[in-house]
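Build out the structure end to end from the sequences listed, making use of the hints.
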Amino acid sequence: NLGTCGAKQGRGRLARPRTCRAQVGRLPPRFAFSAFGRRGGHHHRMSKGNPNPPPPRQLPPSPRRAAHRNPKPRPEPSGTFPPVPPMAPPPSMAAAHDRDDPSLRLRRAPAADGVYGEANPQEQPQRQHEMPCYRASAPAHRRVKESPLSSDAIFRQQSHAGLLNLCIVVLIAVNSRLIIENLMKYGLLIRAGFWFSARSLGDWPLLMCCLTLPIFPLAALMTEKWAQRKLIRDHVSILLHIIITTTVLIYPVVVILKCESAVLSGFVLMFIASITWLKLVSFAHTNYDIRVLSQSIEKGATHGSSIDEENIKGPTINSVVYFMLAPTLCYQPSYPRTAFIRKGWVTRQLLKCVVFTGLMGFIIEQYINPIVQNSKHPLKGNFLDAIERVLKLSVPTLYVWLCMFYSFFHLWLNILAELLRFGDREFYKDWWNAKTVEEYWRMWNMPVHKWIVRHIYFPCIRNGLSKGCAILIAFLVSAVFHELCIAVPCHIFKLWAFSGIMLQIPLLFLTKYLQDKFKNTMVGNMIFWFFFSIVGQPMCVLLYYHDVMNRQAQTNG
Numbered sequence: 001n002l003g004t005c006g007a008k009q010g011r012g013r014l015a016r017p018r019t020c021r022a023q024v025g026r027l028p029p030r031f032a033f034s035a036f037g038r039r040g041g042h043h044h045r046m047s048k049g050n051p052n053p054p055p056p057r058q059l060p061p062s063p064r065r066a067a068h069r070n071p072k073p074r075p076e077p078s079g080t081f082p083p084v085p086p087m088a089p090p091p092s093m094a095a096a097h098d099r100d101d102p103s104l105r106l107r108r109a110p111a112a113d114g115v116y117g118e119a120n121p122q123e124q125p126q127r128q129h130e131m132p133c134y135r136a137s138a139p140a141h142r143r144v145k146e147s148p149l150s151s152d153a154i155f156r157q158q159s160h161a162g163l164l165n166l167c168i169v170v171l172i173a174v175n176s177r178l179i180i181e182n183l184m185k186y187g188l189l190i191r192a193g194f195w196f197s198a199r200s201l202g203d204w205p206l207l208m209c210c211l212t213l214p215i216f217p218l219a220a221l222m223t224e225k226w227a228q229r230k231l232i233r234d235h236v237s238i239l240l241h242i243i244i245t246t247t248v249l250i251y252p253v254v255v256i257l258k259c260e261s262a263v264l265s266g267f268v269l270m271f272i273a274s275i276t277w278l279k280l281v282s283f284a285h286t287n288y289d290i291r292v293l294s295q296s297i298e299k300g301a302t303h304g305s306s307i308d309e310e311n312i313k314g315p316t317i318n319s320v321v322y323f324m325l326a327p328t329l330c331y332q333p334s335y336p337r338t339a340f341i342r343k344g345w346v347t348r349q350l351l352k353c354v355v356f357t358g359l360m361g362f363i364i365e366q367y368i369n370p371i372v373q374n375s376k377h378p379l380k381g382n383f384l385d386a387i388e389r390v391l392k393l394s395v396p397t398l399y400v401w402l403c404m405f406y407s408f409f410h411l412w413l414n415i416l417a418e419l420l421r422f423g424d425r426e427f428y429k430d431w432w433n434a435k436t437v438e439e440y441w442r443m444w445n446m447p448v449h450k451w452i453v454r455h456i457y458f459p460c461i462r463n464g465l466s467k468g469c470a471i472l473i474a475f476l477v478s479a480v481f482h483e484l485c486i487a488v489p490c491h492i493f494k495l496w497a498f499s500g501i502m503l504q505i506p507l508l509f510l511t512k513y514l515q516d517k518f519k520n521t522m523v524g525n526m527i528f529w530f531f532f533s534i535v536g537q538p539m540c541v542l543l544y545y546h547d548v549m550n551r552q553a554q555t556n557g
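Just so it is clear: in the sequence shown, position 278 is 278 by full-length UniProt numbering, and no numbers are missing.
Derived by calculation from the structure, the hints in this document are not laboratory data.
Computed spacing ranges between beta-carbons, pair by pair:
1. P459 to L149: 47 to 53 Å
2. S466 to R348: 47 to 53 Å
3. K467 to E260: 41 to 47 Å
4. V355 to E181: 22 to 28 Å
5. D430 to K185: 34 to 40 Å
6. H235 to F518: 49 to 55 Å
7. K467 to F383: 37 to 43 Å
8. L149 to E260: 54 to 60 Å
9. R337 to V254: 34 to 40 Å
10. L166 to W529: 16 to 22 Å
11. L257 to S296: 42 to 48 Å
12. A173 to R142: 38 to 44 Å
13. L257 to W226: 32 to 38 Å
With a Cα cut of at most 20 Å, we get these calculated EDC-like pairs of lysine to aspartate or glutamate:
14. K467 to E438
15. K392 to E181
16. K299 to D234
17. K343 to E418
18. K230 to D289
19. K258 to E483
20. K225 to D289
21. K313 to D289
22. K185 to E365
23. K429 to E418
The structure displayed is predicted, hence computed values, not measured ones.
Every residue gets a Cβ at the ideal spot worked out from N, C-alpha and C, and that includes glycine.
Below, the structure is given as structure tokens:
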């Protein structure tokens, strides 16, 4: 009964209070809102569904208002008000859920006119934040709990942001010390010759070879035009595509081997030639499938309404030029496009790309070169010395590899996509969380992964090969191109890169077995990082460096 606050008697809904402002100021914020809010009756109705509503509390009377509305003498009000529904306690009242515990009650001074009497307004905030007074008999241990770092709770609803921040601070401190120590010991070793030297002037045949590579996509386009107009048969067009794609690879290899070019220049040319080969294979395979699909539609074997007409069009000069420049290896007549180009965003990404490329050069010149120059061949000499050099080289090679990934896959490919308004920008996934080698190869290079799945894996499956055989062929193609991109510029053919990629196959089954055995994502992820970054990459760097140095010594001698 809120008759003292202006509520109309005999109605199921509370009336809006008119002159109860002073009375509201006497109540805590929770009680004032629930009793005199805009929808007070709403909270009253909510209490009906509560099986354990809180006990009723006393409401301070308003003698002046009572005398105005009812001049007849009335008995003293009971001081109770309708039960308040449970509400979420504010953050400042952390122990509000224990208010009903008789051993955990707040100590309040007795009031003359109700639960909360006329008190000093300056003392009310202090009273609201008053801590509960625990009795000596109150239980301190109420349920079973795990330690935050125990094996049962460390990976379940636990935040380790503080430990992550500590690792970042320690990493910065340790690397800062190493940088200062390296500069004090060797000085600044980076030189302009890393980017450009007099020897680079003799690499003009490589530049001319790179400039003539666009001839091959034009030849592939003419072949498809002839096949589309039925001027040549399908087997003739396939033969022409084989000749074109083979020439794309042989031509740069011959130029690099004939010219004693720098390793970096040869690597860039072989990288561009390999990308061109992959694009031309996708172009030929996709257009052949489009011709077969169009013929089946004409014969009525395939229902045309279920096929996207945009993706079965014949190739044009514009589609070929866009495909050769786009950051993708899979050809299709049309791609998802964005609406406009963000010029400011492109400028920022270009600056980042320059910074990270310079950082890679600094790490190579300042750290990797001195380490490998002071080392021995990993397959010769003392075994412990080789292990020490591999571990010492693992950190800078990991940094260079991460900078390369960020500069190329994130910055450069996104810059190309933005300039060409290319929509699909999933160039990588969260490969750093890979639990097995198989997951890593599926997530770290999405353009190559999509190309292998589309043009190698599923064609092998459709032709009756097993899944294991299809995976073996995919790794074989990857190993061949890794060997071409590394061995040809180094003028060394010892199959180090080829063997490194093919050894991924037993490692794939090993990491999958360990993942199934331990049932822990962290174990598989740590095994992946150990084999791939701590052992594999430094070993390849040492092998190729010493072979290149031995070859140069034999050539000069």
